[in-house]
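Build the full structure now, drawing on both the sequences and the hints.
Protein chains: 2
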Amino acid sequence: MSAIRTIRLDLQYDGTDFVGWQIQQNGRSVQGELARALQQILQEISLVPIGSGRTDAGTHALGQVAHFQTQSQHSSEQIYRALNSLLPPDISVSSVHEVDNCFHARYSAVSKRYRYRISTVKAPIKRRWVWTIPRRLDFDAMQEAGELFKGSHEFYAFCNQHPVPKSFSCTILDCNWKICDAELQFVIEGNRFLRHMVRIMVGTMVEVGLGRRNSNLSIPLNAKLDSNDVSLATIRKQAGPTAPAHGLCLVEVNYGDQSC
Amino acid sequence: MSAIRTIRLDLQYDGTDFVGWQIQQNGRSVQGELARALQQILQEISLVPIGSGRTDAGTHALGQVAHFQTQSQHSSEQIYRALNSLLPPDISVSSVHEVDNCFHARYSAVSKRYRYRISTVKAPIKRRWVWTIPRRLDFDAMQEAGELFKGSHEFYAFCNQHPVPKSFSCTILDCNWKICDAELQFVIEGNRFLRHMVRIMVGTMVEVGLGRRNSNLSIPLNAKLDSNDVSLATIRKQAGPTAPAHGLCLVEVNYGDQSC
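Going down the list, the sequences are from chains D and S. Counting from 1, position 33 in the first sequence corresponds to residue 32 in numbering that gives the first Met the number 0; the numbering is continuous, with no gaps. Counting from 1, position 73 in the second sequence corresponds to residue 72 in numbering that gives the first Met the number 0; the numbering is continuous, with no gaps.
If you're looking for bench data, these hints aren't it; they were derived computationally from the structure. Yeah, the Cβ is synthetic: ideal placement off N, Cα and C, and Gly gets one too. Wrong hints could be hidden among the right ones.
To be verified - DEER-style ranges, computed between Cβ atoms:
no. : chain 1 : residue 1 : chain 2 : residue 2 : range
1   : S       : Gln77     : D       : Ser151    : 48 to 56 Å
2   : D       : Ser151    : S       : Pro87     : 38 to 46 Å
3   : S       : Asp256    : D       : Asp137    : 46 to 54 Å
4   : D       : Lys149    : S       : Cys179    : 30 to 38 Å
Unchecked claim - Think about it this way: if two alpha-carbon atoms lie no more than 30 Å apart in a straight line, the pair counts; the simulated DSSO-like pairs of lysine-lysine are:
no. : chain 1 : residue 1 : chain 2 : residue 2
5   : D       : Lys121    : S       : Lys177
6   : D       : Lys125    : S       : Lys125
7   : D       : Lys177    : S       : Lys165
8   : S       : Lys125    : D       : Lys177
9   : D       : Lys177    : S       : Lys121
10  : S       : Lys177    : S       : Lys125
To be verified - According to the in silico footprint, chain S covers these stretches of chain D (three or more CB under 8 Å from chain S):
no. : region
11  : 6–14
12  : 89–99
13  : 118–130
What follows is the structure, encoded as structure tokens:
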């Protein structure tokens, strides 16, 4: 019997026409398309790749990472070519590598980096990758608001609570707004992210940029669950709305020096 | 009666879902969408804007220019805002200016610049803007082939001959390939372009890049109609295939110092 091999895939996808990363009953998922192609290549009926984490419907990826285990003898190069040939035009594989068997796309990840793009002018060519807000945004106030996210916090107000996460604690290693012509980009790196977390952060900072909210986000950021009457739903309301999914892109998953 | 005013529009569009610039019986055109929005704003039933030239179905524009004449009193700013609000997400107006009445988007144009993008890797995020050729392309040979286009030539072999153009003579002011990671960009500026001309140039140079054709394109470029038996269709066969429309973008229309 052949030895078990672990294969790492680095992926890009255009999230526009997917229900998200995760396989779901109704709709086209990235994981589902990938599983179907791998099953065909490797002739392993139940093979399903494991991703570093989910991405929402409409959210893109330039650096998603997934892995799977197999006993097949196909070389990385063969898998790379076959996948890019079989996968639809909105998914591609940037690289295929055989890695140590202790590598796990999700559990070995040290941090992830996301980018959120906003255009302050109507931009037909990039409209599928940017949230178009044809208004003046106060960049300095948004930058100031973003500073407060850095470090470790309980992000009660900045997540979708269905389902309720096991822990709300995340560490933001770095985050910054960059401005380039009529485009604002928010780049954030953290050890983990809750569901919709980046999108709610951006939605809240855009309220700041539009002058609808003070740049001091310490109230929603320090909102705490206590044993009394404060519900999660009440806390969520202290932050702003969820920014559209299509402005968001998973840029990179970092695995540190050791991948296990 | 109010004076006639000439209004210049600078436009961007994502050509993916259009039958092209020109109004056609069956299908959604850029000119048609623009005419509908302008008619609604200015309440002029038969107003149709004139473009600098057609773009093919699927071809994009970052710098298309159009104009129209009106007796309305709407300011440029009002037209700008109303157009961007009424136009669909795949067309935007970058600027609206009142210009001299002798300005004509087509006849006043001095030159046009196009860009053609090729990706040598599968690239989901930009697949609507690049021709994906997952093969090694000989960049130096393509660059060498492109050099020959510079100057004035009769482009018999490099155009779609339906309908037959009045003149095949065009002057290429500049053209160059640029390479950036896995993307090759061909930028070309000329005084005028025939139908499919840039796409056939690119299709021919890609044959060179794939090693299927010598980089010396003097045979198709010097092909001449003579009074004997050479037909246009025979000459066309000396050049390569027409590259896909979606890799092409009209980047800029130049009107020189004087716009009339």
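Going through the hints against the structure:
no.: 1; hint: Gln77(S) - Ser151(D): 48 to 56 Å; in the structure: holds (50 Å)
no.: 2; hint: Ser151(D) - Pro87(S): 38 to 46 Å; in the structure: holds (45 Å)
no.: 3; hint: Asp256(S) - Asp137(D): 46 to 54 Å; in the structure: violated (38 Å)
no.: 4; hint: Lys149(D) - Cys179(S): 30 to 38 Å; in the structure: holds (33 Å)
no.: 5; hint: Lys121(D) - Lys177(S); in the structure: holds (28 Å)
no.: 6; hint: Lys125(D) - Lys125(S); in the structure: holds (9 Å)
no.: 7; hint: Lys177(D) - Lys165(S); in the structure: violated (50 Å)
no.: 8; hint: Lys125(S) - Lys177(D); in the structure: holds (22 Å)
no.: 9; hint: Lys177(D) - Lys121(S); in the structure: holds (28 Å)
no.: 10; hint: Lys177(S) - Lys125(S); in the structure: holds (17 Å)
no.: 11; hint: 6–14; in the structure: holds (count 3)
no.: 12; hint: 89–99; in the structure: holds (count 5)
no.: 13; hint: 118–130; in the structure: holds (count 7)
Violated hints for the displayed structure, listed by number in ascending order: 3 and 7.
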